[in-house]
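*Asks:* Next come the chains, spelled out residue by residue.
Protein chains: 2
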Amino acid sequence: MAAPTKITGLTIEDLRFPTSLQKDGSDAMHKAPDYSCPYVILSTDTDLRGCGTTFTLGKGNAIVCMAIDNFKSLVVGQNLQDIFNDFSGFWRSLASEDQIRWLGPEKGVTHLAIAAIINAVWDLWAKMEGKPLWKLLADMSPEMLVSTIDFRHMGDTLTKKEALEILKKGQVGKAEREAEVVANGYPAYTTSCGWLGYSDEKIKRLATEALSQGMCRFKMKVGGDVKDDARRAKMFREIIGYDRPLMMDANQKWEVDEAIDWMKQLAEYKPLWIEEPTNPDDILGHAAIAEALNPLGIGVATGEHCQNRIMFKQFLKAKAMQYCQIDATRVGGVNENLAIILLAAKFGVPVCPHAGGVALCELVQHYSMFDFICVSGTMENRMIEFADHLHEHMSEPVVIRNGSYQVPKSPGFVVGITDKAREDYIYPEGKEWQRLFSEGLFTKPE
Amino acid sequence: MAAPTKITGLTIEDLRFPTSLQKDGSDAMHKAPDYSCPYVILSTDTDLRGCGTTFTLGKGNAIVCMAIDNFKSLVVGQNLQDIFNDFSGFWRSLASEDQIRWLGPEKGVTHLAIAAIINAVWDLWAKMEGKPLWKLLADMSPEMLVSTIDFRHMGDTLTKKEALEILKKGQVGKAEREAEVVANGYPAYTTSCGWLGYSDEKIKRLATEALSQGMCRFKMKVGGDVKDDARRAKMFREIIGYDRPLMMDANQKWEVDEAIDWMKQLAEYKPLWIEEPTNPDDILGHAAIAEALNPLGIGVATGEHCQNRIMFKQFLKAKAMQYCQIDATRVGGVNENLAIILLAAKFGVPVCPHAGGVALCELVQHYSMFDFICVSGTMENRMIEFADHLHEHMSEPVVIRNGSYQVPKSPGFVVGITDKAREDYIYPEGKEWQRLFSEGLFTKPE
Numbered sequence: 001m002a003a004p005t006k007i008t009g010l011t012i013e014d015l016r017f018p019t020s021l022q023k024d025g026s027d028a029m030h031k032a033p034d035y036s037c038p039y040v041i042l043s044t045d046t047d048l049r050g051c052g053t054t055f056t057l058g059k060g061n062a063i064v065c066m067a068i069d070n071f072k073s074l075v076v077g078q079n080l081q082d083i084f085n086d087f088s089g090f091w092r093s094l095a096s097e098d099q100i101r102w103l104g105p106e107k108g109v110t111h112l113a114i115a116a117i118i119n120a121v122w123d124l125w126a127k128m129e130g131k132p133l134w135k136l137l138a139d140m141s142p143e144m145l146v147s148t149i150d151f152r153h154m155g156d157t158l159t160k161k162e163a164l165e166i167l168k169k170g171q172v173g174k175a176e177r178e179a180e181v182v183a184n185g186y187p188a189y190t191t192s193c194g195w196l197g198y199s200d201e202k203i204k205r206l207a208t209e210a211l212s213q214g215m216c217r218f219k220m221k222v223g224g225d226v227k228d229d230a231r232r233a234k235m236f237r238e239i240i241g242y243d244r245p246l247m248m249d250a251n252q253k254w255e256v257d258e259a260i261d262w263m264k265q266l267a268e269y270k271p272l273w274i275e276e277p278t279n280p281d282d283i284l285g286h287a288a289i290a291e292a293l294n295p296l297g298i299g300v301a302t303g304e305h306c307q308n309r310i311m312f313k314q315f316l317k318a319k320a321m322q323y324c325q326i327d328a329t330r331v332g333g334v335n336e337n338l339a340i341i342l343l344a345a346k347f348g349v350p351v352c353p354h355a356g357g358v359a360l361c362e363l364v365q366h367y368s369m370f371d372f373i374c375v376s377g378t379m380e381n382r383m384i385e386f387a388d389h390l391h392e393h394m395s396e397p398v399v400i401r402n403g404s405y406q407v408p409k410s411p412g413f414v415v416g417i418t419d420k421a422r423e424d425y426i427y428p429e430g431k432e433w434q435r436l437f438s439e440g441l442f443t444k445p446e
Numbered sequence: 001m002a003a004p005t006k007i008t009g010l011t012i013e014d015l016r017f018p019t020s021l022q023k024d025g026s027d028a029m030h031k032a033p034d035y036s037c038p039y040v041i042l043s044t045d046t047d048l049r050g051c052g053t054t055f056t057l058g059k060g061n062a063i064v065c066m067a068i069d070n071f072k073s074l075v076v077g078q079n080l081q082d083i084f085n086d087f088s089g090f091w092r093s094l095a096s097e098d099q100i101r102w103l104g105p106e107k108g109v110t111h112l113a114i115a116a117i118i119n120a121v122w123d124l125w126a127k128m129e130g131k132p133l134w135k136l137l138a139d140m141s142p143e144m145l146v147s148t149i150d151f152r153h154m155g156d157t158l159t160k161k162e163a164l165e166i167l168k169k170g171q172v173g174k175a176e177r178e179a180e181v182v183a184n185g186y187p188a189y190t191t192s193c194g195w196l197g198y199s200d201e202k203i204k205r206l207a208t209e210a211l212s213q214g215m216c217r218f219k220m221k222v223g224g225d226v227k228d229d230a231r232r233a234k235m236f237r238e239i240i241g242y243d244r245p246l247m248m249d250a251n252q253k254w255e256v257d258e259a260i261d262w263m264k265q266l267a268e269y270k271p272l273w274i275e276e277p278t279n280p281d282d283i284l285g286h287a288a289i290a291e292a293l294n295p296l297g298i299g300v301a302t303g304e305h306c307q308n309r310i311m312f313k314q315f316l317k318a319k320a321m322q323y324c325q326i327d328a329t330r331v332g333g334v335n336e337n338l339a340i341i342l343l344a345a346k347f348g349v350p351v352c353p354h355a356g357g358v359a360l361c362e363l364v365q366h367y368s369m370f371d372f373i374c375v376s377g378t379m380e381n382r383m384i385e386f387a388d389h390l391h392e393h394m395s396e397p398v399v400i401r402n403g404s405y406q407v408p409k410s411p412g413f414v415v416g417i418t419d420k421a422r423e424d425y426i427y428p429e430g431k432e433w434q435r436l437f438s439e440g441l442f443t444k445p446e
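If you're matching them up, the sequences are chains A and B in order.
Using the numbering used here, you'd call the opening residue of the first sequence number 1 and step up by one each time.
Using the numbering used here, you'd call the opening residue of the second sequence number 1 and step up by one each time.
The set of hints was computed from the structure by calculation and includes no laboratory data.
Treat the hints with caution; some may be incorrect.
Identical chains share a label here; the pair holds if one copy fits it or two copies do between them.
Said to hold, decoys possible - Subject to a maximum C-alpha distance of 25 Å in a straight line, what follows is the list of computed PhoX-like cross-link-like pairs (lysine-lysine):
#1 K227 <-> K204
#2 K431 <-> K202
#3 K31 <-> K72
#4 K72 <-> K444
#5 K161 <-> K346
#6 K160 <-> K234
#7 K409 <-> K420
Working from the sequences, and respecting the hints, build out all of it.
*Replies:* Here it is as structure tokens:
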């Protein structure tokens, strides 16, 4: 098949999954999310298509779809080689569009929209090269990689030159590391056992099951009630022991002082990190929490709500983040995540991606594998979140073996969501939604 | 007329003004904005209506309209006294809605949407009390004022108790200050002479005119070319002299080091502040710029893109902001701006609101007047931005006399946009837009 030369169309589907029925994804701030995604398909002058998603909790998914549509005229008609030759320029043409940037800039709805589009372009590129994204990135020259990054407003912390140096250093031993990750995969941790809405029985059953399948890193949600958290932490430790890492996630619940007090009370259960202890915008607050908790061996982890590279830059500079939790769709897609991975490398902070949601596991694994092969060169203290839902709807679901993500082999990045899932869960007309409306489990929108 | 008891409806209009034709509003980052606003009308069980706006640069106005619509079910049907009795609770029910908050949280499109709704509720409240907003606020007890504020994630910096103390101190001498501002108004500065797209001739003519009308504080845009900025600054100083304040605004154009170098070259023109020198999210970057420029007598001003009280909290704490430029619609409306005004008071930083756009002058004047009467108690180093466009479309346009905003007298906050403007500029069906499409000055949307 001839290679496509330009983007000829962009369609958007509003896909939503009724996860609130099972309380999957419940935490201290989000009681009943319906995991959803705007699904972007870029068509080309050949049969090849690029797919992109972003992630939302249900309501508002249509807003992001509309925001994506708002960028359409900047995308459709573009020559693909022109994009690849100056990807940072293309990225900026979206992220800094003259009128739209006011709505952010580079944050919230418009940035989620850009993530879906940009990731679809990368999916297309990877498919054109016949490689999974991690491999496309790993094979790229340092010069080509930095050419995709918009370094604006990063000059005080990471210049293009420094980024290039980090990547050049990462070329040494690349082939061996690639062979290693292909053979053994990349460490995962699971969030699926510890949702706040789950009963003790369910937690015990799921954690025991996960252990027996070789999973050996666990995260639990905290922040409802400190005594209840202590009880649940004790239960976790009784099941998994003290040699395996246990992480805790407060989902932004606390004030700064409250976070410190609360975690001091949970310190005996040896959490590796406390995730999102307070408002995700509060760099100085996170820094204060980190300063108080680091002596107890507890790091601060955050990133899933961190809106862009400028915020990551500051979190890292202020020692407010000991674990850098990049998200596949919160920031402006691959280009911006490359910038953040390089920032984390500069500060020696491990990248431990946030995942779960819809397709996030499928996406972030590529980043960690690339990080290992070409940037940090190590898996020490690093792992990828795993949450066990909605994978059945992915064309190429993640493969977890012995507690590790196995390298994806299919060409592409987002790869795709199955045709059946798209038919069933497109909102509100999909078959499953029609059933849920008719059974009275959800209210039909006006 | 009996007082309304509940909100019975919420309508949204997509109003856009073709300001790009005149290059009004052009700056280093926004070459051709079309000033626009989603316009919210809350209806009640009486004839009384509350109006609310938020501000955008054109494209994307419909996205904010859709986001407003997404909150509709949380607003329509609500009892007004219940809202007023627990306004912080109502505010949080929007800002932290379980599923929608993922799209922010508390930033970007969803927060702009909340601003329009919240401001419409305040407009309604002020109209019910028969007072302009500044007077409604000035007459409110400190206890009632703090009851409207969501203090979540502010506990490390400003507690409810401290806020109450600041407001109680502000009660002393209140009547005298009210009389003073009613008699003399509140100092304004003008941005209308110094847009980046204006010719030298136009700048000279406008500045001379403004001076002759009693305006004595000026702001110019910078960031295109340093030599050109120096030439234009010299021209400004030749017209206005060195006794009147001149401010500079870079609209986020620079890197941190570049901002410092550039402003050192412009220091001889004695700018009072440099506004938005770099990325608006870069607290630590602004702090570095402030540290370098404060010894030269140049302060750092920012706020119009500052997404919420958590960011303002950090800017103030980090000494990154010597002038606090609250915006009427960027954060979540009156309730959150009260929090920010109190934070600024705690740090002794003057509040100098951002204005211009659509209706922003009409809105922010209330904040400064309230700040003077009840919080800071002084106008020293304080002024309100004034930009001279689109006032003709306001039902109650601002009145500037002797370079000062005169206190608005009509009951309400947003008060309203004229019926004629709503008919002419509703997008895309309005009469003016139809004319612009038919004359080929704008392209009709698909």
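*Asks:* At most 25 Å between alpha carbons: which applies to K431 and K202, within, between, both or neither?
*Replies:* So K431 and K202 fail the 25 Å test inside a copy (30 Å) and across (62 Å) alike.
*Asks:* For the identical chains here, do K31 and K72 meet the 25 Å Cα criterion within one copy, between copies, both, or neither?
*Replies:* between (34 Å within a copy, 20 Å between copies)
*Asks:* When no copy is named, should K409 and K420 be tagged within, between, both, or neither for a Cα gap of at most 25 Å?
*Replies:* within (22 Å within a copy, 61 Å between copies)
*Asks:* Which holds for K227 with K204 at a C-alpha limit of 25 Å: within a copy, between copies, both or neither?
*Replies:* Result: close within a single copy only, 18 Å intra versus 69 Å inter.
*Asks:* Checking K161 and K346: alpha-carbon separation at most 25 Å within a copy, between copies, both or neither?
*Replies:* Result: close within a single copy only, 12 Å intra versus 42 Å inter.
*Asks:* Please work out whether the CA atoms of K72 and K444 approach to 25 Å or closer within one copy, between two copies, in both situations, or in neither?
*Replies:* This pair counts as between: shortest inter-copy Cα distance 15 Å, intra-copy 29 Å.
*Asks:* Up to 25 Å between alpha-carbons, please classify K160 paired with K234: within, between, both or neither.
*Replies:* neither (47 Å within a copy, 36 Å between copies)
Checked against the numbered hints above, the structure breaks hints 2 and 6 and satisfies the rest.
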